[in-house]
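Trainee: Chains A and B, in that order, give the protein sequences.
When we follow our numbering, the leftmost residue of the first sequence carries the number 1, and every step to the right adds one.
When we follow our numbering, the leftmost residue of the second sequence carries the number 1001, and every step to the right adds one.
These aren't lab readings, by the way, just hints derived from the structure by calculation.
Just so you know, not all the hints are guaranteed correct.
[To be verified] Chain A side only, calculated, beta carbon under 7 Å to chain B, not exhaustive: (1) Asn31; (2) Thr88; (3) Asp123; (4) Arg384.
Remember, it's a predicted structure, so these values are computed and weren't measured experimentally.
Here a beta-carbon is modelled for each residue, glycine too, at the ideal position from N, C-alpha and C.
2 protein chains.
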Amino acid sequence: MVVIGGGFGGLAVTQALKRADVHVTLVDRSNHFLFTPLLYQVAMAGLAPAEIASPTRSLLRHQANARVLLAEVTEVDLVAREVHTRETRPLAYDYLVLAPGSTNAYFGHDEWVNVAPGLKDLDDAVEIRRRVLLAFEAAERETDEAARRRHLTFVVIGGGPTGVELAGAIAELATFVLARDFRSIRPDSTRVILVEGSESVLTSFGPELSARALESLRAMGVEVRPKTRVTNIDARGVECGGERIDASTVLWAAGVRAAPLGASLGVPVDKQGRIVVEQDCSIPGHPEVFCIGDAALFVPAGEEQPLPGVSPVAMQQGRFVAKKIARQVDRQPSAQTFKYLDKGIMATIGRSRAVARIGRIRLSGFIAWIAWLLLHIVYLIDFRNRVLVLIDWAWSYFTYQRGSRLITGHRLHAGTPGDQLDRQGEPVPDKPLNGLPRVGHDTA
Amino acid sequence: MVVIGGGFGGLAVTQALKRADVHVTLVDRSNHFLFTPLLYQVAMAGLAPAEIASPTRSLLRHQANARVLLAEVTEVDLVAREVHTRETRPLAYDYLVLAPGSTNAYFGHDEWVNVAPGLKDLDDAVEIRRRVLLAFEAAERETDEAARRRHLTFVVIGGGPTGVELAGAIAELATFVLARDFRSIRPDSTRVILVEGSESVLTSFGPELSARALESLRAMGVEVRPKTRVTNIDARGVECGGERIDASTVLWAAGVRAAPLGASLGVPVDKQGRIVVEQDCSIPGHPEVFCIGDAALFVPAGEEQPLPGVSPVAMQQGRFVAKKIARQVDRQPSAQTFKYLDKGIMATIGRSRAVARIGRIRLSGFIAWIAWLLLHIVYLIDFRNRVLVLIDWAWSYFTYQRGSRLITGHRLHAGTPGDQLDRQGEPVPDKPLNGLPRVGHDTA
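Using the sequences and the hints given, assemble the complete structure.
Mentor: Here it is in structure tokens:
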């Protein structure tokens, strides 16, 4: 069988099949599992990329029935039961699990991709870190007051957990971390503006925690603008709510959509590109194909709201599907209905501030932050990373310093934000490969 | 005064002027100090970039008479006493210290830059890491035996410390770290070939240690080819000594030359572009301008050999020049002759193997490796990095795992080495800046 995607869902399926009588081929275009809940920390120079990522191969080293292929899936042939990739011969499957995840959605404004990067993978995080740090450097060099203000203005679009985390972290970076390092500017004169289309931030946390989050953000100096729609973004700023905001750095956290793979299958998808799946996570008419995680639209029977695009859903679906496949292979009856056990949600807002809903308990402030910290360290996937992240956090907490403040990824390190914004994405080679290796059948 | 370059030399000058009656502007195009002796560890996934780099601004945070500018120097006007940069207005100086360092030299074969990357900065290291890891991934997917062998063949050109460290580290990575992670290939069937034009490797360490290093490399399975000249390199291999070696990954460690800034000044330079400096490190005819480190050709009076391009020379020259300037500013007599105190040299060859010359003592094997380890941890520039590096080394040593095995930096993570080699360097925007800020006078 084949699993597409090595995120929370795909890894959970694969690992849960450890003792099953199957051979799993996990296909991913990235060589590492990424602990996405801490990705914003990499973007804000708090953690190094290697601290929140682990090579998929290492994670599956001891699982003899699993193999990992670094390859990009181009097409799934549901009739021939084959997965096509750019790098290998077609992979035949008897069972297939689709867990390709999600990507940033710009709602028809793809021209905003380069001027307002989103945060989905390590490359995004390093690029955002580069832009944020370069903006402070450009402000330090600048003498024109308007230009300097523009460099020190950061706009975050979208008031969900990612947007709130980014906005809080920029304010914190400027106030605590960078404040003493510059000579010509006061980084704590930084403006951080969080633009959100709906009533408030973190609306999925309910009105009480949403209000607390808003309060915390404002206490940290973040200007929150609810009920505001963005009408344009360019290299020098944002237009929203009829106003023009000059800003060198604009970050996008306003929406995601399913990875494009789902929409290419010819099965029903919603407007965000998610595959509408059955109650057992299978695809309509294809009991041998499952879709889980952010790329699936799962509406529990009798309910109206689909499950949210969060990692616990993907992991629980992964384990459910793995168990179902294992039992089918053993010719045992298998469960027909996936039930999501909602253990709660949390979001951090800055140093010592967070909001959390755990079952019926609602927490905010320092205690929520401690809960958030412990949970994220416990869930980090390997021991070494837990130790390193703990040291880095303790270090940052007590010294107000950050170890990962590196500007990398460009030969010319000293471009102005204007230059950066002209930068195009990396060229993606789109050509056939030299040798097309044959990959095993992977029958269960 | 102005210091150009924030490496070992430039940082030493600046820090040694802490109590002097001067204002120092340190100009660098990178925002971090890089501990280059451990750069090969980043290239070989042993350490993360943030573990060997520290933001220059943080290092100089408490030095009130120093400021840091992230900018690329385009020209030095020795007559007008001004430094021109791409990003700022001209910087006037009374004293100037040039410490721009060195870059890879391809001896007229600039077409080899992309097929055989060198190792000079963090971007290089991450690119080499990407290529090496992708070669193993490509071998895992490959079914054609010749192509697979090509992916598992690594050629390192140059048998100096960097070449020896890289070759040893690749052999080690394949044998110890990756061996258990792959299913279709045996990474320990990897071939590592070290090509060197002269008699042997590490010739600067003297015949005895050179022979020991050769022995160690061969014991680790590295094929060393001394007295062999490279005649061609392309995307699929190397021609050397009349033979063709098919290899997906070729690394360049065969030579460096001074950064181009020196050659642009109109003062005498040697064929490696180094400025021929006086006994006090000043430039002929310009007692107010000094050049130190890799960009300087310093021949001690009465000797024939110039000082080698190693970090202790740069640091000692930096402190000498700082003291000289401080005394001149105080109208005190200053020393006329820089004397280099050679404390020794060391190079590591792999896990538990190194060679070292400390004064007249020659060490090799495990004891040299322990000395190397301790020294490098002690010299790491900040405490946090020392702790992190120590943990990472202990972790790698006892578990045979590496934490930094991430393939990043490309949207398409799964290209074959063939694709990588087509990749061009990042585009360098070459246009005037919007606002040219005025930067302070920096008079002493």
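Trainee: None of the hints should be skipped; say for each whether it holds.
Mentor: Consistency of the hints with the structure:
With a cut of 7 Å, the hint placing asparagine 31 of chain A at the interface with chain B holds, because the nearest CB-to-CB distance is about 4 Å. The restraint placing threonine 88 of chain A at the interface with chain B holds, with a minimum CB-CB distance near 5 Å, inside the 7 Å limit. A hinted interface residue such as aspartate 123 of chain A counts as satisfied when its beta carbon comes closer than 7 Å to some beta carbon of chain B; here the least separation is about 6 Å, so the hint holds. A cut of 7 Å between beta carbons decides the hint on arginine 384 of chain A: the least distance to chain B is about 5 Å, and the hint holds.
The structure shown violates none of the earlier numbered hints.
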